[in-house]
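Novice: Each chain, letter by letter, is given below.
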Amino acid sequence: MALVAANHIKKQFGDVLAVNDISLSVHDGEFLVLLGPSGCGKTTFLRILAGLEHQTSGDILIGGEVVNDVPPRARGIAMVFQSYGLYPHLTVANNIAFPLRTQNTPRAEIARKVEWATRLLSIDHLLNRKPRQLSGGERQRVALARALVREPTVFLLDEPLSNLDAKLRTSARNELKQFQQTVQTSTVYVTHDQVEAMGMGDRIAVIDHGRLRQIGTPTEIYDRPADEFVATFLGTPPMNLVERDGGSLGFRPEHFLPREMLKNGSALAEMPFRVERMEYLGSERVLYGTIEGMKAKRVVTAKLPAHAASDGIRAGDLHPFAVRASELHYFGRDGRRAEGGQGVLQ
Amino acid sequence: MTTIAETRRAVARRPRFLLDRAEVMGPMFIAPAILYVLVLVGLPFLLALYYGVSAYSIFDPSYRFVGLKNLDEVLESEIFWHTLWNTLLFTIGSQIIGLLLGKIGAMLLMKEFPGRGIARALVILPWAVPVSLATLAWKWMFDSLYSVINWTLVAAGLVDVANQPQWLGQQDLAFAAVMTVHAWRLFPFGVIIFLAGFASVPKDVLDAATVDGAGFWRRNYQIILPIIAPIVVIALIFGTVFTFTDLSVVYLLTMGGPMNSTQVLGSLAFQVGILSGDVAHGAVICLFMFPFLLVAVIALLRALRRREI
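Read top to bottom, the protein sequences are chains A and B.
Position 152, counted from 1, in the first sequence is what the numbering used here calls 168; the numbers after and before it change by one each time, with no gaps.
Position 250, counted from 1, in the second sequence is what the numbering used here calls 268; the numbers after and before it change by one each time, with no gaps.
Just so you know, not all the hints are guaranteed correct.
To be verified - Taking lysine-lysine pairs in the DSS-like style, the calculated list, with each CA pair at most 27 Å apart, reads:
(1) A/K183 with A/K129
(2) A/K26 with B/K157
(3) A/K183 with A/K193
(4) A/K183 with A/K26
(5) A/K129 with A/K26
(6) B/K129 with B/K221
(7) A/K129 with A/K146
(8) B/K221 with A/K26
(9) B/K221 with A/K146
FYI, nobody ran anything at the bench for these hints, they're computed from the structure.
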């Protein structure tokens with residue numbers, strides 16, 4: 017059963033349609049990531065789920081009930097904000113206890129839950145500190161603990177890792193995922209970081225300009241992007257798109273390899289690649305260039321292993337490159353994925 | 019021998035580079051302020067101390083030392099104690115009313131409504147208008163014959179024409195009138211302080227409180243107020259100092275009357291020390307403000323440090 021469901025949610029701010037007809041559902045225990053560029057409406061959508069914003073039209077269902085007119089506190093949700101929203105004047109213990117106090121939970125119960133949550137997140141030594149005395153990672157855990165003690169139906173997380181430095185973010189990502197697997201609570205996680213989305217999400221919902229572009233597992237999203245936006249939003253460097261019959265042909269840089277690196281036998285699409293620039297990134301090399309003979313000169317990238325047989329390729333070279341036919345993606349004139357096209361480039 | 023790098027002392031000595039140094043620039047900037055405080059606050063304070071222990075009066079401008087005689091006489095005076103009490107009541111009362119109204123006003127002005135910009139500008143007026151003008155307007159509103167307040171009350175049938183309240187003529191009413199004007203003058207300051215305070219509360223914190231189940235009162239008194247407390251405390255210090263030392267409202271509205279019922283330290287000191295020419299006693303009365311303000315400021319600053327978030 018869908019634990020949380022959104023049916024045709026729209027949100028209008030003046031002339032701007034921030035959320036444009038999004039429908040999706042979150043399954044029990046699932047980690048769903050809302051991924052999109054900044055300003056795409058993903059946070060607005062999350063706030064609508066939380067009840068902090070009211071949708072212009074559409075229904076929100078939580079636990080099977082329509083909660084359109086239910087205030088945030090009664091929706092059975094807990095939210096972690098981008099800057100955590102910790103109460104600066106309260107100690108860690110009181111921050112975590114606050115949502116319980118508002119529900120008039122008995123004292124003993126509050127103490128028990130605070131202890132349970134802080135121990136689970138290993139912050140039980142910080143109980144008497146104020147938020148300003150905590151590091152970014154500790155603050156994030158306090159915010160999580162505060163969300164956890166409410167024992168919500170669903171966690172709503174709004175870019176909770178964006179305030180951490182890059183190094184901490186990696187470890188926090190692992191901890192967060194582990195934490196979610198421990199507590200088994202459904203989670204909706206908003207981020208603009210594709211690495212976070214790919215690494216943590218059971219499913220990813222890609223949103224752009226208020227529209228849901230695609231929803232699926234990380235593999236589905238990466239291997240079978242529904243349209244050009246999804247194709248180019250995910251992956252570093254993003255998928256190459258070259259023109260073809262008004263539509264376009266897409267292939268990921270890591271699949272675009274020197275001809276000699278691909279075994280004969282499988283169907284290949286060959287392209288003469290004019291290398292213009294090369295970046296050596298330690299574990300890999302990224303080549304930038306164009307495909308000779310194409311009318312519109314579009315920059316195409318190729319990602320090669322750092323030390324491969326094709327070490328000899330230099331900037332300025334024209335070298336035969338190829339993609340396996342099975343790794344080509346076709347997009348129609350409308351930018352949407354088209355099936356059944358053949359790997360013919362001519 | 020060739021010098022690799024010639025020492026160019028001349029450059030370092032140029033005065034315009036001297037100003038680039040914080041340890042030169044800093045004191046230069048702060049000097050006028052210090053000078054101002056020393057000359058216009060420190061010096062008069064010392065002078066008042068000296069007047070207080072002398073027999074100086076306008077009629078006998080001698081610096082004859084009389085010790086604590088003046089102080090004894092002031093302390094024995096019933097009017098003085100009454101005045102001190104009045105001053106405290108005015109200060110505390112108007113702070114409470116002013117800040118309370120300020121908070122309500124700020125909360126109303128936070129809401130979106132047509133004409134909010136104009137409303138915000140108008141609210142500042144009581145603070146911006148010169149005290150003499152404002153008090154004169156109030157004086158007419160409280161006037162025994164032409165009071166617009168009384169006219170309204172009579173027109174509404176609330177009071178009898180024959181028994182109109184004499185706002186500035188009855189002791190309790192005069193007291194209330196002075197307090198009202200003080201609170202009215204303080205109110206915009208309260209509004210600004212609370213508006214600034216509200217704006218400084220992070221949106222995430224408010225949203226978190228909403229999600230956590232805090233209703234209107236809990237959000238206001240357990241989240242917002244503690245967060246903006248440091249700002250409010252500073253407003254309280256300012257308001258207290260301004261009201262405690264103020265004599266203009268009382269002087270323009272009631273001259274401390276009727277029968278000293280609205281007398282404050284400032285107005286009493288002015289009457290005794292300047293109008294009656296008894297500079298020595300006036301100085302002693304004035305000096306009474308000092309310990310009170312000192313205590314108030316220390317207490318408030320301490321509260322501020324404790325509340326630091």
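Novice: Which earlier hints turn out false for this structure, listed by number in ascending order?
Specialist: Checked against the structure, the hints that fail are numbers 1, 2, 4, 5, while the rest are satisfied.
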